[in-house]
Structures are given as structure tokens and as C-alpha cells.
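**Student:** Here is what each chain is made of, one letter per residue.
2 protein chains.
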Amino acid sequence: MKTRIVSALVMVPLLLVVYFGGIPLAAACFLVGLIGVRELFKGFEAMDVHPCYPVAYGALILLYGLHFLFPLEHEYLTGWLVLGVMASAIYIFRINEHKIEDATATMLGIVYVIFFSYHVVMTDMTGEYRILTWMIFITAFVTDICAYFSGYFLGRHKLCPNLSPKKTIEGAVGGVLGTVIVSGIFGAVFLKGMVVHCLLMGLIGSVLSMCGDLTASAFKRKMGIKDYGNLIPGHGGILDRFDSVLFTAPAIYYYIQIVLMR
Amino acid sequence: MKTRIVSALVMVPLLLVVYFGGIPLAAACFLVGLIGVRELFKGFEAMDVHPCYPVAYGALILLYGLHFLFPLEHEYLTGWLVLGVMASAIYIFRINEHKIEDATATMLGIVYVIFFSYHVVMTDMTGEYRILTWMIFITAFVTDICAYFSGYFLGRHKLCPNLSPKKTIEGAVGGVLGTVIVSGIFGAVFLKGMVVHCLLMGLIGSVLSMCGDLTASAFKRKMGIKDYGNLIPGHGGILDRFDSVLFTAPAIYYYIQIVLMR
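As given, the protein sequences belong to chains A and B, one line each in that order.
One gets this note's numbering by counting positions in the first sequence from 1 and adding 281 to each.
One gets this note's numbering by counting positions in the second sequence from 1 and adding 281 to each.
Any given hint could be a false lead.
For identical chains, the list gives no copy identity; a pair is met inside one copy or between any two copies.
Said to hold, decoys possible - Below, in silico cross-link-like pairs of lysine-lysine (DSS-like), each with a Cα-Cα straight-line distance of 25 Å or less: (1) Lys-380 / Lys-503; (2) Lys-439 / Lys-380; (3) Lys-473 / Lys-503; (4) Lys-380 / Lys-447; (5) Lys-473 / Lys-507; (6) Lys-380 / Lys-323; (7) Lys-503 / Lys-323; (8) Lys-473 / Lys-439; (9) Lys-507 / Lys-323; (10) Lys-507 / Lys-439; (11) Lys-473 / Lys-380.
Just so you know, the hints here were simulated from the structure itself, not pulled from any lab data.
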């Protein structure tokens with residue numbers, strides 16, 4: 282409970298960054314990528330897997346370089362991904378020093394942390410749909426808050442006791458319902474004529490928000506760590522705060538690209 | 282030596298498929314993806330890692346479905362990649378049954394086998410540059426043949442004794458030189474005015490061809506297997522034949538996209 286309130290306060294600067302968009306938002310996402318990759322890799326090191334930091338940091342710098350040179354050109358993005366995966370594979374050519382897991386963990390850092398979080402920046406570049414960047418954070422954080430309170434007051438049936446013992450089915454349903462309602466209100470206030478799209482994005486984003494949360498839980502459980510870091514003392518690392526955003530950002534971005542911009 | 286000749290004969294149907302392009306080529310790449318993923322996953326199983334076949338096969342079918350509906354639309358491709366990575370992560374929500382490596386190996390199959398090989402199809406879709414699809418196979422196979430013979434006759438200094446003991450520096454240099462020459466001849470005969478581009482593609486493709494070969498070697502060494510399969514009896518599996526193509530296909534495709542089509 283206290284964690285959630287403190288986290289909420291930490292999120293205030295985030296609101297400003299999303300409001301301004303552009304370079305401040307790109308800089309923030311770059312930082313999330315930088316710190317997030319480090320947190321993920323430290324987690325892997327706890328299970329004796331040793332990803333390659335230079336390859337991941339190089340991929341991060343290249344991605345944001347390409348962003349300023351060729352924004353939203355997806356053929357550069359797929360090329361960037363291919364290059365990152367190749368470089369991760371080449372890393373294990375020193376065959377006696379590295380494991381195959383070192384390569385795949387490096388790839389995971391590039392795709393899951395750097396590329397997923399970059400979708401926030403991509404959403405910010407969608408012109409008239411730029412305002413939907415808010416939906417990334419609404420779906421992530423409203424799901425979390427509503428799931429917490431509906432689970433707290435109504436929770437009876439465990440959702441996935443082995444993976445995340447505190448989560449309940451009632452919490453999950455409350456999280457989705459609350460998010461759909463808040464998304465609908467957001468649409469009605471700021472995006473008249475797009476309320477149905479906002480309801481749909483709320484539904485999809487909320488489900489994926491929980492998947493993002495559970496993915497981070499699964500990774501941490503397997504790594505044998507409780508939190509990804511200690512950036513916000515007592516409240517975990519960047520990846521603990523943004524685990525849901527990593528999944529809601531692509532959800533909203535591709536909804537815009539595939540449903541709205543066609 | 283005999284392996285190389287038999288492999289060369291097996292490659293004859295490939296020439297026809299590349300010549301016709303279109304649906305026959307897409308069907309061949311689909312098959313390479315299907316069999317290749319299975320071979321890679323069997324290799325992982327040899328090291329007690331258990332990737333998720335349904336997620337990878339689902340990703341393969343979805344990719345070729347998208348190919349026919351929205352060819353060369355890269356925002357669908359990045360969306361497809363994101364979805365594949367998410368599905369691989371969700372696979373380990375059954376936390377007691379799966380390892381984190383099961384998820385990352387699944388992702389590797391999707392990106393390294395299915396997506397990399399799909400670049401052959403993408404190159405075939407580049408309109409006036411379609412003929413450069415040949416360069417994917419020229420760089421892959423000419424590098425292999427020239428490296429073999431120059432290594433056989435001139436090889437003195439080991440290239441990477443721990444990873445691939447038979448490879449020599451002389452072989453590598455001969456492979457690159459031979460490929461650049463053959464690429465130049467190909468350009469002079471079929472693509473007048475693009476000879477310099479063909480020489481460059483030959484150079485880049487040849488280096489990446491060897492990286493693709495060594496990547497497959499590294500993976501196999503780590504998996505403790507000699508070959509990926511036994512599809513061509515005595516001559517390994519699909520991935521053993523096409524390990525270089527997996528790397529040269531993106532090389533040629535992005536050269537076209539980034540250098541030629543700008």
C-alpha cells in the first residue's frame with residue numbers, strides 16, 4: 282500500500298515528461314532502457330548468466346541515434362533488431378568463456394527492455410494520435426491500482442498462486458474493469474469520437490499490463506531475486522515500476538498503427 | 282569435400298525456387314523456418330532447455346499470413362516480433378514447469394531462424410532489385426566454397442581454433458576475395474551500373490556469411506551436438522546448410538533498403 286503511494290509520487294515527473302513529449306520523453310525512455318538493461322543483466326548474473334553490456338548499450342545508443350535521423354522508419358527498426366541479435370550471437374564466438382544463455386539474455390535485454398520501452402517514444406511520434414501516449418500509462422497504472430484495491434476488498438480466488446501468490450481473479454477483473462472505465466472517461470474528455478477505441482485500448486492494454494507484470498515476476502522468480510534494483514529505496518528498480526509499461530506501450534502503439542492509422 | 286559436392290547438388294532445386302521467386306520461394310522459406318525451428322529446438326533439448334514449439338510455429342504461420350496480407354509493411358513486422366517475444370515470455374507463467382531459458386530459446390527460434398530466413402522473401406519483394414536475391418546465395422555459398430579451397434591449399438594460421446578448429450585465416454581471406462570477385466562478375470553480367478554495389482554487397486555478405494557459419498557452430502558446440510539434424514542423410518540438417526544464408530539474407534536486404542532504395 283505504502284509502496285504504491287510512494288511510487289505514485291515518483292510518477293509525478295513522468296507526467297511532465299509525457300506532457301512535453303519530444304526530446305524530454307525520448308531522453309527519459311533512453312534512461313529507462315539504460316538502467317533497465319543493467320537491472321535485467323544484474324538479475325541474470327544472479328543466476329550465473331553473463332549477458333554482454335557493451336552490445337546492449339551499443340544497441341541502445343544506435344536505436345536513439347536512428348530515432349533522430351530516421352524517425353518511425355520501421356525498416357531501420359527491423360534492421361536494428363537483426364543487428365542486435367547478430368552482435369549478441371557473435372559475442373559467444375569466444376566459446377570457452379561464454380554460454381549460449383549469455384547471448385540469449387543479451388538479446389532479451391535488447392528486445393524486451395530497450396525495444397519495448399522505445400514504443401513509448403514511437404507513440405509520441407504518431408502526430409495527431411500523440412495524446413494516446415497517456416493511454417500507455419493509464420492502462421499500466423490504473424490496472425495496477427484497481428487490481429490492488431479490488432483484490433484487497435473482494436479477493437477470494439487466487440489467479441496464479443505459483444507465480445504471484447497475492448494476485449486474485451477478483452483483482453484482475455477489477456483491474457480490467459477500472460481501466461476500461463478510466464480509459465472511457467479519458468476518451469470522452471480528450472478524444473470525442475474515439476471513446477470506443479479508448480475502451481478497446483483500455484481492455485487490451487489492461488490485460489497486457491498484467492501480462493507485463495507477471496512476466497517481470499516470472500523472470501525475477503527464476504533469477505531468485507525479489508526486486509530488480511533499489512533505485513527508489515525500498516521500492517525496487519526501474520523495471521519493477523515499468524514492467525507493465527513495457528507491455529502496454531507496444532499494445533497502444535500497434536493499436537494506433539494497425540487500427541487507427543489504416 | 283564430398284559433403285560439399287552433395288550439398289551443391291541438393292542446392293539445384295533451390296536455384297529454381299530463387300529463379301521463380303514469389304509463392305514458390307515464400308513456400309520454401311516457410312519450410313526452412315518450420316524445419317529449422319524444429320532443429321534448433323531439438324538442439325536446445327539436448328542441453329535440457331525446452332522451448333515452446335506452438336509459440337514458434339504460431340509465429341511462423343502468422344508471419345507468412347501477414348506476408349500475403351500486408352507485404353513489406355515493416356510496422357507489422359515489428360509488431361509481429363513484439364508479439365512473439367511476449368508470447369514466449371507468457372509461456373513461462375507456468376513457473377514450476379518452465380525455465381527462463383525455455384522462453385529465451387523460443388525467442389531465438391522466432392528471430393534467428395524464422396525472421397532471419399524471412400529476409401529472403403523480403404528481398405524477393407523489392408521489385409527492380411529482386412534479382413539481388415541471388416546475392417544472398419552467392420555470398421553464402423561462394424564464401425563457403427572459396428574458403429574451403431583456399432584453406433585446403435594455403436591454410437597455415439588458425440582463425441578461431443576453439444570455436445571451429447579447421448578454419449584458417451587464409452581460408453577466410455580467400456572466401457572473402459572469391460566472393461567479392463564472383464559478386465563483381467554477377468554485377469557486370471546482370472546489373473550493369475551496379476558493379477560497385479555488388480562488390481560491396483559481396484564484401485559485407487561474405488564476412489556475415491562466415492559470422493553466420495560460426496554462430497551455428499557456436500550454438501551447436503554449446504548444445505553438444507555435431508549437426509542440427511539429418512535431413513540430408515550424412516550431411517546435416519536444414520540449419521547446417523543454411524546457417525550462412527540466415528546472416529547474408531538480412532545483409533543483402535538492408536543494403537537494398539538502406540543504400541539502394543533511398
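**Student:** Determine for every hint whether it applies to the structure shown.
**Tutor:** Hints and how they fare:
1. Lys-380 / Lys-503: Both, since 17 Å and 7 Å are each at most 25 Å.
2. Lys-439 / Lys-380: So Lys-439 and Lys-380 pass the 25 Å test across copies only (22 Å; inside, 37 Å).
3. Lys-473 / Lys-503: neither (45 Å within a copy, 57 Å between copies)
4. Lys-380 / Lys-447: Cα proximity of Lys-380 and Lys-447: across copies only (22 Å, versus 35 Å in one copy).
5. Lys-473 / Lys-507: So Lys-473 and Lys-507 fail the 25 Å test inside a copy (43 Å) and across (62 Å) alike.
6. Lys-380 / Lys-323: both (16 Å within a copy, 18 Å between copies)
7. Lys-503 / Lys-323: The answer is both: 13 Å in one copy and 23 Å across copies each meet 25 Å.
8. Lys-473 / Lys-439: neither (38 Å within a copy, 68 Å between copies)
9. Lys-507 / Lys-323: For Lys-507 and Lys-323, only the intra-copy Cα distance (12 Å) is at most 25 Å; the inter-copy one is 33 Å.
10. Lys-507 / Lys-439: within (20 Å within a copy, 46 Å between copies)
11. Lys-473 / Lys-380: neither (53 Å within a copy, 46 Å between copies)
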